[in-house]
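FYI, the numbering for the sequence shown is 56 to 330, going by the numbering used here.
Each hint should be verified, as a subset may be incorrect.
What the hints assert, rightly or not - Dumping the calculated EDC-like pairs for lysine to aspartate or glutamate here, alpha-carbon to alpha-carbon at most 20 angstroms:
{"hint": "1", "residue 1": "K302", "residue 2": "E221"}
{"hint": "2", "residue 1": "K83", "residue 2": "E117"}
{"hint": "3", "residue 1": "K302", "residue 2": "D225"}
{"hint": "4", "residue 1": "K83", "residue 2": "E139"}
{"hint": "5", "residue 1": "K83", "residue 2": "D141"}
{"hint": "6", "residue 1": "K302", "residue 2": "E290"}
{"hint": "7", "residue 1": "K302", "residue 2": "E257"}
{"hint": "8", "residue 1": "K83", "residue 2": "E105"}
{"hint": "9", "residue 1": "K302", "residue 2": "E278"}
{"hint": "10", "residue 1": "K302", "residue 2": "E204"}
{"hint": "11", "residue 1": "K83", "residue 2": "E129"}
{"hint": "12", "residue 1": "K83", "residue 2": "E94"}
Source of the hints: derived by calculation from the structure; they are not laboratory data.
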Amino acid sequence: MLEVVLVLALIVAIGAIGLWRRSATAEKELRERHSRETERVARLELAVGEQEARLRIVGELEQLAVRSASLVVEEAESVRLTIERDPAAAERSAVRAVRAAESSLAQLRRIAVVAAVDPRELPATDGAETLTALARDRGLSVHEETFGEPFPLQDGAEVAVLRVLEYAFDQASATGGTGTEVRISSRWTSTGLRVEIDDDRERHGAAQADASAVEADLHALTERIDSPALLELRERAALFGGDVTEKRTPGVGRSVTASFPALRHHNGVHGVDLG
56 MLEVVLVLAL
66 IVAIGAIGLW
76 RRSATAEKEL
86 RERHSRETER
96 VARLELAVGE
106 QEARLRIVGE
116 LEQLAVRSAS
126 LVVEEAESVR
136 LTIERDPAAA
146 ERSAVRAVRA
156 AESSLAQLRR
166 IAVVAAVDPR
176 ELPATDGAET
186 LTALARDRGL
196 SVHEETFGEP
206 FPLQDGAEVA
216 VLRVLEYAFD
226 QASATGGTGT
236 EVRISSRWTS
246 TGLRVEIDDD
256 RERHGAAQAD
266 ASAVEADLHA
276 LTERIDSPAL
286 LELRERAALF
296 GGDVTEKRTP
306 GVGRSVTASF
316 PALRHHNGVH
326 GVDLG
């Protein structure tokens with residue numbers, strides 16, 4: 056009788072183990088399937104975000120092209136009205152019309168490269184001054200310094216730079232909050248511009264927990280910070296031969312750098328690297 060009981064117990068145990076293994080296998084497969092599905096959704100979301108970013112850039116460039124085309128019409132009308140009574144003024148208007156037409160054509164060619172979601176509103180014509188004033192209104196302590204001799208930027212190039220400033224201000228305000236210090240260094244060369252934006256958000260509301268100072272420093276040196284917003288900034292900067300990077304300084308904050316080594320050569324139609 057005892058042997059029968061033991062045999063039955065063994066059969067039950069083997070059956071239970073079999074059921075447990077099948078259950079564990081099914082659960083593992085379910086987890087793996089869920090993980091694959093999560094990764095697929097993440098890839099799709101990233102792809103959609105990248106596409107929306109590209110379309111926003113297209114929308115901005117379209118607005119700039121329309122603005123340049125309007126200037127062409129205005130200057131052409133000025134030529135028509137002054138050509139007989141003031142030939143010199145007419146000649147100056149004609150030169151401005153040609154420049155506006157070149158700018159418009161450059162924007163249209165860039166659209167062809169990038170190409171809608173509705174574009175964001177373009178920055179104000181006074182550019183950095185308005186963004187800086189708004190940042191200070193939000194409680195940021197903004198300090199600016201300029202090195203080298205600045206040169207005029209075409210509309211599209213200026214928007215690329217201003218969007219970087221806008222991003223840096225938004226991130227510092229959102230994570231650091233009131234009192235966060237932001238330092239902007241604009242370094243002009245004969246052909247390019249490098250803008251460095253450093254903040255101390257981690258001394259305020261955005262401190263990160265690090266396992267050790269050494270590990271944090273090593274991670275900061277090797278980490279490449281990416282996000283949909285940064286990808287959009289890089290996409291826009293690339294139209295003018297530039298790049299945008301972001302780094303973390305543990306215990307201090309973040310540094311956003313926009314480099315445009317040949318920005319002057321990307322101002323018009325000629326010399327624009329359309330790949």
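Status of each hint after checking the structure:
Distance hint between K302 and E221 is fulfilled; the C-alpha atoms sit about 17 angstroms from each other, no more than 20 angstroms. For the hint pairing K83 with E117, the CA-to-CA distance comes to about 51 angstroms; that exceeds 20 angstroms, so the pair is violated. Between K302 and D225 the CA atoms are separated by roughly 16 angstroms; this keeps the pair inside 20 angstroms, and the hint holds. Note on K83 and E139: the hinted pairing is violated, with a Cα-Cα distance of about 85 angstroms set against a maximum of 20 angstroms.
The hinted pair formed by K83 and D141 fails the criterion: a straight-line CA distance of about 84 angstroms is larger than 20 angstroms. Restraint check: the Cα-Cα separation between K302 and E290 comes to about 18 angstroms, which is no more than 20 angstroms; the hinted pair holds. For the hint linking K302 to E257, the alpha-carbon distance of about 13 angstroms falls within 20 angstroms, and the restraint holds. For the suggested pair K83 and E105, the alpha carbons sit about 33 angstroms apart, so the restraint of at most 20 angstroms is broken.
For the given pair, K302 sits about 8 angstroms from E278 by alpha-carbon distance, which is consistent with the 20 angstroms threshold. Of the supplied pair hints, the one linking K302 and E204 is violated, its CA atoms being roughly 27 angstroms apart against a limit of 20 angstroms. For the suggested pair K83 and E129, the alpha carbons sit about 69 angstroms apart, so the restraint of at most 20 angstroms is broken. In summary, the hint linking K83 to E94 is supported, as the alpha carbons are separated by about 16 angstroms, within the 20 angstroms threshold.
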